[in-house]
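Number of protein chains: 2
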Amino acid sequence: HPSGALVTAELPAKGSIVLVVGPEGGVSPEELAAFEAAGAKPFRLGRSVLRTSTAGTAATALVLGRTGRWS
Amino acid sequence: HPSGALVTAELPAKGSIVLVVGPEGGVSPEELAAFEAAGAKPFRLGRSVLRTSTAGTAATALVLGRTGRWS
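Chains as they are written, first to last, in our numbering: chain U, 1 to 71; chain Y, 101 to 171.
Since the hints were made in silico from the structure, they are not lab data. Hints may contain errors.
If you anchor each label on the Cβ, the simulated ranges turn out as follows [stated by the list, open to error]: (1) L11(U) with E110(Y): 18 to 24 Å; (2) T52(U) with S128(Y): 32 to 38 Å; (3) E131(Y) with P29(U): 47 to 53 Å; (4) S148(Y) with T52(U): 19 to 25 Å.
Computed from a prediction, not measured in an experiment: that's the story for all the values here. All C-beta atoms in this analysis are idealised placements derived from N, C-alpha and C, irrespective of residue type, glycine included.
Construct the complete structure from the given sequences, taking the supplied hints into account.
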């Protein structure tokens with residue numbers, strides 16, 4: 001259901017970024033509403049659904065690479 | 101031993117990119133020479149050494165994100 005792609009998302013250059021990776025079955029509407037109420041923004045990682053364990057590593061590497069937090 | 105960081109490496113916008121991830125113990129000088137003779141360029145992924153299984157996922161996500169191959 002997330003509309004934006006993490007690979008092109010606008011990301012803060014400073015401060016902490018918390019990544020929440022859902023299960024293969026997806027995040028429930030109730031969970032999504034709770035995350036968004038807490039300030040989270042939903043993004044999809046790619047065109048395919050990755051295993052949760054792979055998605056966490058991939059999303060972290062993507063964010064680290066895109067924000068200059070990793071060099 | 102790789103000098104450049106993958107996160108800032110110049111990457112081709114088109115064509116295939118083949119990632120070779122070494123074991124935790126590192127790539128041997130003989131292996132490195134063979135890869136370089138075949139046209140490979142050595143890069144490090146970050147400041148710390150990742151497990152081989154994690155490094156492959158992380159490097160793939162980083163390259164996909166940096167080259168627009170993933171959206």
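Could you check the hint for me, namely that E131(Y) and P29(U) are 47 to 53 Å apart, CB to CB?
-> holds, 50 Å
Range agreement (Cβ of E110(Y) with Cβ of L11(U), hint 18 to 24 Å) = holds, 22 Å
Holds or violated: 19 to 25 Å for the Cβ distance of S148(Y) and T52(U)?
-> Distance hint for S148(Y), T52(U) holds at roughly 23 Å.
Could one say that the CB atoms of T52(U) and S128(Y) fall in the range 32 to 38 Å?
-> With Cβ atoms ~34 Å apart, the hint holds.
Hint compliance for this structure: no hint is broken.
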